[in-house]
Structures are given as C-alpha cells and as structure tokens.
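Below are the chains, spelled out letter by letter.
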Amino acid sequence: MSAVTAATSSSASAAGKSALARLGAALVSRLVIIIPYLWLLFFFLVPFIIVFKISLSQTAIAMPPYTPVLDFRDGVSGVVAWFGALNFDNYIWLTQDALYFNAYVTSVIVAAISTVLTLVIGYPIAYGMARAPATIRPTLLMLVILPFWTSFLIRVYAWIGILKPEGLLNELLLATGIISHRLIILNTYTAIFIGIVYSYLPFMVLPLYSALEKMDNSLIEAAKDLGCPPTSAFWKITFPLSLPGVIAGCLLVFIPAVGEFVIPDLLGGSQTLMIGRTLWSEFFGNRDWPVSSAVAVILLLLLIVPIMLFQRAQARAQEQDL
Amino acid sequence: MNATWSRFNIVSIVLGFAFLYLPIVLLVVFSFNESKLVTVWGGFSTKWYVSLFHNQGLMDATWVTARVGVISATVATVLGTLAALTLTRYTRFRGRLLFSGMVFAPLVMPEVITGLSLLLLFVAVGFDRGFLTVTLAHTTLTMCFVAVVVQSRLITFDRSLEEAAMDLGAPPVRTFFQITLPVIMPAIVSGWMLAFTLSLDDLVIASFTSGPGATTLPMKIYSQVRLGVTPEINAACTILIAIVAVGVIIASLANKRREVQRQRDEQAAQRG
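As you go down the protein sequences, you meet chains V and X in turn. Per my numbering, residue 4 is the first one in the first sequence, and the count goes up by one each step. Per my numbering, residue 3 is the first one in the second sequence, and the count goes up by one each step.
FYI, nobody ran anything at the bench for these hints, they're computed from the structure. Some hints here could point you the wrong way.
Okay, the calculated bits of chain X under chain V, using three or more residues with CB under 8 Å as the criterion [said to hold, decoys possible]:
no., region
1, 22-33
2, 90-98
3, 171-181
4, 259-272
Chain V regions said to be covered by chain X (calculated; three or more residues, Cβ under 8 Å) [unchecked claim]:
no., region
5, 255-261
6, 273-283
7, 296-308
C-beta: ideal position from N, C-alpha, C; glycine also.
So here's chain V without its partners, still in its complex pose (with noise of 0.2 Å):
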C-alpha cells in the first residue's frame, strides 16, 4: 500500500516537474527568438528609421548638426513632434545638384560591369574545381575561402603597390618590352574594377561551386551520346542548372558593389565618382548629416529590389534544404 502511494506521489511529481520543465521549454523557446529579434531590430532597423528621419531634418551648426533633435524627455508628444517637422529639401537638393545624379548613374553601372567580368573569371573557376577529382575539391575550395580571411583593406592596398605608375606591373611591362612607356591605371575606372573583380571574386566562386557540384554529370553524357556538341551541351544543360548560383553569386558582388567605399577610395582616387565615396565625404567632409542620410535613403531604395531578391533565394535554398 505504501508503496503504491509513494509510486503515485512520484509519479505525481515528475508530472508536476515536466509541467515545470515544459513552461521552462516554452519560456527558453520565447527567449531564443526574442533576444536575437529585439537586438536585430533595435540595431538594424530602427537606425534605418532614423536615419530616414534625419534626411527629413536641416543641416544646422550644432552637434548633433542637424534640426530638429529628437528629445526623449518630452515622452510621446515629443516624438510625435519630431516626426511631423518633416523637410524634403535635401532631397530637393539631391535632384537639382547633377554630382549626386551622376554618382548613382556610375556606381550601378560599375558594379554592373564588375559582376559581370567577376562571373565571367569566376564561372572558369567554379566550373574547374567542380570537375576537379573529388580528393582534392576540399583543398581547392579551401584556398578559395582562405583569401576573404585575409584583411579587405590589405588586399586592396595591396594592389596600389602594383598598379601606380613606378608599380610592379609597369615594371614588368617594360621590362619585357611588352609596353614603351607607363600606363596610367592608378586612380582610373580600371582599376576600380580590377579591385572589385579581386575582392569579390570568392563571392562568386562559391556559389557557382555549390551550384555546379551537384549536377548531375550523366546529363552531359547523355548530351554528347545523343550527338550534342560541348559548346551547346554546356549552353542548354550546365549553365541553365548553374543558375541559381550565378544568381546569388551575381547578388552577392553586385549589391555591396554599388556602396563600395574602400576600392574607389584607394584605387579609383579623386577621378572617380562613386556614391559610397560621395556619401563619405560628405559625411566627413562636408558634416552634413541630413544630405548624407538622404544620399544613403536613395542608395538603399535603388538596392532594395536586389536586396529582396537575394533574401528570397537565400529563403528558397534553405527551405529545399530543410
């Protein structure tokens, strides 16, 4: 008997403990979510609130230099308050003054440009490792990686050693009598591209890589039996299934692209126009936040359908994944 009662009693405990261990399960599930969410939303998208905000707001000589200040200390109504002085002058501005225009119009189509030379010496590359004996893929795919560890700035620091005029390019150039005299390729368009098809071209590579390696080689076979040549076997079979890849991998290098600040900033020089530069300056040049906000609030908006773009093919492999 009393064993029996000590049978339920326990029994009655481990159903308390696993209520008490389910609501914990419950609570610790609400807070995996929670903690990420509230710390992404406080510190990615409410600065995109403000910072849209602000391109509404005057250049004044303050600090923080613009008007009006958004003060807590007037609880809601203040809030309220700062939200209606709305000022669309900067961007006004943004259309009237042709530099701004014109650095929109030439960071798209640099981008562009550099995407595509960046798929054209990525795909090779994607295609070779893809082939490669499957005992050395890792290797191959490791040195691939290996390079973006390697310090951004350093790498394109790296190439103002070789390409300014006295650089080791021309050296080499002239030294095997290639060229008769130095090329300018320093602080041009050039060599903007060549900094981002160097940067970004791992970017490229890996998703190419992944699309390619899990094809399926007997479509090519069956291609070749059924009397296809290769060039159009590779047209109509392995670049259509490579597609997802050259989508995300095009995504990939063309939207930071467009911003990209360090590249003609070192390489492009004060020739160049390119819009993460002009935001820059203006921003540390010129301390004008208001303008500054709006020239970011018009990039974000030309970025945006490229943006989504990306998020839903990156949704789309994980759910196929899953």
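Let chain V serve as the given structure and place chain X on it in line with the hints.
This is chain X only, laid out in the frame that chain V set:
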C-alpha cells in the same frame, strides 16, 4: 559532378589562384625589403618590423582592435547561434519574414549605409561614441554571418539524436547543452572566427561609429595608406595575415582531429 578534368579546367584554376594570391604574396615579400621604395628590391631586412613595434599609435590601435574583436565576436556568436536556432527550428511565428530579412540583409548591405545608420542611432539615444559603440556595431554586423554559418550546420543536423535524448527523459535545455551544442560546436567555432576576422578587418563601420580614443587598426592603416605605400604598412599587414593564417590552420587541424576521433568512435560503436 564527376567528370574528366580537362586542360582548360586546370589552366583556369591555376590562373584564378595566381590572381587571388599573387598580390598578397608580393605584399608579404616587399615587407622584408631593405629599400623604402616599395617596388625596388634593396635586399632582405626586418627593420620595418622593428620600427613597427616602436610605433605607439599602431600598437594602441592593435590593442583596441583585439579587444573589440574578441568581445564583439563572442557576443555575436551567442546572438548568431540563437538567430540560427530561430531560423531553423521555429518555422512559423509572427514576424518570421522580417526576422530572416534582418538576418540576411546586413550580409550584403553596403557598409556606408550600416555605418551611418548605426552612428545616427547612437547619437539619437545619446551614447558617447567610442569603444562601446564600435563593439555594438560589430556585434550587430557579425552576428548575421555567425547565424548563416551555424544555420547551415543545423540544417544537416540529425534531429533523431535530440528526440532520443528527450525520450530518455532529458529536458530540452539539457538536451541542447549535451547533444545539440557539441554537434554544432565546429560551426560555432568557425562562426566566432569569422566574426573576429570581420571585426578585425572592418574600416567603414568602425570609422562611423568609433570616437576619440578608440581608433582601430584598419582606421590607423587607412590613414597611413592615404599618405602613400610604405614598407612599414606592408609589415603591419603581413603580421595581420600571419595571425589569421595561424588561426585558420589551427582551426582546420582541430577540425580534422575531431573528425578522426568521430570516425574512430563510430567504428568502436559498430564493433559494439
């Protein structure tokens, strides 16, 4: 894909890797140049490394960068792992689309936008710009990279292991710490390393969000690069590359050892 490796394939790989590595190799080689001219070889010398260690500004910046990197990478690893768990384990909750958007967007967002927006946030809430603000900014950026790395490991994770533990009566939290965490540990470690290197590397976001007294190494290098290429900067860059290379090699060796251990365990288990 398994096919013949043509000459074209080999040539494109060799040229591609030459393109990727030659600039870095040249940079390292010329850091040992006796001559002050970066393009003329004047003999082997380590004098630039010596002068580097006497450059107090550079040493201070290195110390700031290391602290920012370690703290932000650690916080980002915790947050990023939670975000990865959220993305893979909770497929339905309100605001999931917004959440995945906020995780993936920073990966491609131009740094000037992220930097400017974080700065304006810090000004709006009245944070003084300095060590703390750079660390917070780097945490926010790098947690998204950690989330992607850990998520890719969680996707291939065999959930039956967790189910077995829970069937045997382990509560979910204990299951996580005893089963899930050890399995995804390699991904978490490489996520931490990625976060640390990204923080070590960042110029743009640090320039926006940092204040007086919190100059990071990339900011220091950048301000010197603008004055021209010098062997001293080459030496600083070489040291950075060496640190990262050693870290990557140690991590991959540790991974390999763990893999061998795992295979041995599996074989032992099969023999029973």
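Here is how each hint holds up against the structure:
1. With 7 residues having a beta carbon nearer than 8 Å to a beta carbon of chain V, the region 22-33 of chain X meets the requirement of three or more and the stated coverage holds.
2. Figure legend: the region 90-98 of chain X, annotated as covered by chain V; annotation consistent (6 residues with Cβ-Cβ distances under 8 Å, at least 3 required).
3. For the region 171-181 of chain X, the stated coverage by chain V holds: 3 residues have a C-beta nearer than 8 Å to a C-beta of that chain, and at least 3 were required.
4. Check on the region 259-272 of chain X: 0 of its residues sit with their Cβ under 8 Å from a Cβ of chain V, so the three-residue criterion for coverage is violated.
5. Counting residues of the region 255-261 of chain V whose beta-carbon sits less than 8 Å from any beta-carbon of chain X gives 4, enough to reach three: the coverage restraint holds.
6. Here's how the region 273-283 of chain V fares: 3 of its residues keep a CB closer than 8 Å to some CB of chain X, so the rule of at least three is met and the hint holds.
7. Counting residues of the region 296-308 of chain V whose CB lies closer than 8 Å to any CB of chain X gives 5, which reaches the minimum of 3, so the coverage claim holds.
Consistency note: the structure conflicts with earlier hint 4 alone.
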